[in-house]
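Q: If you want the building blocks of each chain, they are given just below.
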Amino acid sequence: MPDLPEQSSRTRWAGEVRARLAGLKLSPTREAEIVSELSDHLDDHWRERIAAGASTDEATHATLALFRDGDFLARYMAPLRQSNATPPPVPGRRTGSMLADLRQDVRYALRANWKRPALALAAIFTLALGIGANSAIFTVVRAVLLRPLPYPSPDRLTMLWTHNPRQGYDKDVSTYPNFADWRRQSASFEGLAAYIESDYTLTEAGDPAHISAALVTPGFFETLGVAPAYGRTFGARDAAAGERVAVLGHGLWQTRFGGDPAIVGGSVMLNGVSHEVAGVMPAGFGHPDAAQLWTPLAPSGRFADLMQARGSYWLQVIGRLTPGIARGDAQAEMDRIATALERQYPETNAGIGVRIVPMHEEIVGDVRQPLLILFGAAAFVLLIACANVANLLLARAASRRKELAIRAALGAGRGRLLRQLLMESLVLAVAGGAAGLLLAWWGIQALPSLAPSTLPRLTDIRIDGLVILYTTLASITTALVFGAGPALRDAAAAAGTSLKERGQAESASRGRRLRSVVATLEIAVALVLVIGAGLLVRSFIKLNSEDLGFDPRRVLAVRIHLPAARYAERPQIAGFYDDFVSRLRALPGVESVGLASSVQRGSSPPSLPWRVGLRCRATSAICRSATTRSRPTSSRPSGFRCGAAGCSPMQMGPRRRSPWSSTSCSSGGSFQTMIHWASV
Amino acid sequence: MSDINTRALDRELKRGSAELLILSLLDARPRHGYDLSKLIHQRSGGDLTFHIDSLYPLLYRLEERGWIKGAWVEKPDERRRRFYKLTPTGRRVLAEQRRTWNAFVRAVRRVTGGQHA
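Sequences listed follow chains F and Y, in order. Quick note: the first sequence uses this note's numbering, first residue 71, plus one each step. Quick note: the second sequence uses this note's numbering, first residue 39, plus one each step.
Derived by calculation from the structure, the hints in this document are not laboratory data. C-beta atoms are modelled at their ideal positions from N, C-alpha and C, and glycine is treated no differently. Any given hint might turn out to be false.
Computed footprint of chain F on chain Y; a stretch qualifies when at least three of its residues, placed anywhere within it, have a C-beta under 8 Å from a C-beta of chain F [stated by the list, open to error]:
| # | stretch |
| --- | --- |
| 1 | 67 to 77 |
| 2 | 96 to 102 |
Here are a few chain F residues that sit away from chain Y, every Cβ distance over 10 Å (derived from the structure) [unchecked claim]:
| # | residue |
| --- | --- |
| 3 | M168 |
| 4 | E260 |
| 5 | P288 |
| 6 | E292 |
| 7 | S344 |
| 8 | A360 |
| 9 | E417 |
| 10 | A501 |
| 11 | S519 |
| 12 | A594 |
| 13 | I643 |
| 14 | S652 |
| 15 | E661 |
Bound conformation, chain F alone:
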């Protein structure tokens, strides 16, 4: 028997098998296995034939006859899964499909980050804090500053303020007669309405509750462009008939009346007086912000006297510009009307002008700058986070040099390496962004309890598609910011060095320089933030340590609303409070009790809910000269006016409105106790 070398016979059979497997998409490994297996079969057969006495040619012929003529092997193999395998990825080599390249890059990125869990987690945590803070602030900015007001054509909605530069009032509330003249004489507005914030005691459907409300002129809802969800709003007839009709807010309707549409046409008890429920406003409507229900401003109601007084400033005015009328043109017209009124009523309207301010600017104006500053600070925090992560990646570079050199040796170009390294950064940034969005969501949930009461549109703050898009873009940008430097450096190093690690010292030196630059940038940004934070803390401490003129410790304030139906006369009111105060004084633990009220010009009892608090130390002439008409900055008293009855505080009005001074009747105990305003 011819003694053929094993290798040469198997090599021959391998060639025969391989030729019959052409055209199949076998993986190289699998093809090698099949070739080996079939070659063994053919070789075993050939050797048996030789052992049986056949010649080499006969044995070879008989062995090759095990194959049928034609491409049967390929044909029978074709339906099998292994014959249609996806070729394995070759690191660095293009697959010819952008999507396939992208999938490959993502797989490598995930694997690379998975191998270094500590670094990945540290980076994700750091980025989550930075991106989360940005997303949270952007959510607030989006809702407060960017989102338009929830009214039709919100750009045409305006606030009209009284403007008196001679007295130093840039924006003041209006008087009813002035408002009526504006409405009558102006053609620039398709609707003008006025309102005053107030409150009621609701004694319907559950425990008595204090309800924030607004008294509005006819056309208020039409000016805003919002129709009721159920029923109707007020007309001129309702105002003429008095205040005894109400429109409920959606929230109040849900919580107190079970969301039952049948309440329309029914009645509710407000301040002990029955009011017909005319309608219910839709969800999301709320102007002014705190109002839970609305009643008409009636000439015969509690503000009757004020509605006649041209010199009594108490109303806020809204207006909707007529389509096609520019704000500048409307301002010019209102200036002419104001000049005419000045001539007509020199005693009350001397120097009085009108200022038109877009409603959106009015609502968000006070918070725009602080929010934008906060946004900037959050951006700085993110920059610091990026610098931190960049430093981590730079420090990691040394351990990856060989891996990248191998990839370069296998055919990955510099661009491909750069793309793969940036993809690793992007994976970290996306994970950080997702975690950051979760942190932002938690922060937004806590916002109602943490945010200052002066933050407008609080109920509009929520994470929506734009916030998610912003977070995504922030993540991508962050990946580029912190990933580009290390990626460029590593890709260049891998492409420029061989597996023999030539130039390692030079590469390490470059890395240290880059880390120094990043660290310097990080310190600079952090310093700016620390200085800014320090200034804010100093302002906060100063504000909190300001001498209020009284000691607010151990003082409680109580606001009482007496129903007008039962306490219409002064003796009734005085009797109630005498009894109330004496009962409070009898309580153990109560050191002193006092109360104060304020009487405005005219004889009508005031019903504006002003907050007042003070405690003058005994026997001290604490009075400071009152300063009237200052722009409110807080809800704290800012000064006092002293009269025969004693010292009374300057009460601060609701936000965005200027206060005015008034005399106050004070009880004997009011100078030992901080008291709250009681409407009488």
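Please arrange chain Y on chain F, whose structure you already have, making use of the hints.
A: Coordinates of chain Y only, in the frame set by chain F:
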């Protein structure tokens, strides 16, 4: 029976019983492809012959179904070979195929066996 009919019958019967043959031979013990080919030829008295280009695709198909499992085995002084063995699924399939085949054969015998005009 003519040659053409014999060849046609041979082809059809082989096609229907190929899986049963392979599974039943592997039931006893693991075997490699050449061993299977020889056994089939020997035990059938030469009536059944598997070409290499149909035997191995069949083995790979059974492997992809999970009825058999192949593994390379290297024994001392022997070349590395790929041995196949039945999986638990393969055993269940074999039992089912045996039942089916036996029922078929009995039915054919009842129809054709011992009854001449």
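Q: None of the hints should be skipped; say for each whether it holds.
A: Each hint, compared with the structure:
Under a criterion of three residues with beta carbons nearer than 8 Å to beta carbons of chain F, the stated coverage of the stretch 67 to 77 of chain Y is upheld, 4 such residues being counted. Look at the stretch 96 to 102 of chain Y against chain F: 4 of its residues bring a Cβ nearer than 8 Å to a Cβ of that chain, three or more, so the hint holds. Chain Y leaves M168 of chain F outside its interface by the beta-carbon criterion, the shortest separation being 31 Å against a cut-off of 10 Å. In this structure E260 of chain F is separated from chain Y by more than 10 Å, as the shortest Cβ-Cβ distance comes to about 77 Å.
No Cβ of chain Y approaches the Cβ of P288 of chain F within 10 Å, the least distance being about 81 Å, so the stated non-interface status holds. No Cβ of chain Y comes within 10 Å of the Cβ of E292 of chain F; the nearest lies about 75 Å off, and the non-interface call holds. Listed as outside the interface, S344 of chain F is consistent with that label: its C-beta sits roughly 81 Å from the nearest C-beta of chain Y, beyond the 10 Å cut-off. At roughly 70 Å from the closest C-beta of chain Y, the C-beta of A360 of chain F stays outside 10 Å, upholding its exclusion from the interface.
The claim that E417 of chain F is not at the interface with chain Y holds, since no C-beta of that chain comes within 10 Å of its own (minimum 102 Å). For A501 of chain F, the requirement that its beta carbon stay farther than 10 Å from each beta carbon of chain Y is met, with the minimum near 37 Å. With a least beta-carbon separation of about 59 Å from chain Y, S519 of chain F lies farther than 10 Å from that chain, consistent with its non-interface assignment. Against the 10 Å criterion, A594 of chain F stays outside the reach of chain Y, whose nearest CB is about 63 Å from its own CB.
At roughly 92 Å, the least C-beta separation between I643 of chain F and chain Y is larger than 10 Å, which holds for a residue marked as non-interface. Here S652 of chain F stays apart from chain Y, with its beta-carbon at least about 93 Å from theirs, past the 10 Å limit. Distance check on E661 of chain F: its Cβ is at least 88 Å (rounded) from any Cβ of chain Y, clearing the 10 Å threshold; non-interface status holds.
Consistency note: the structure conflicts with none of the earlier hints.
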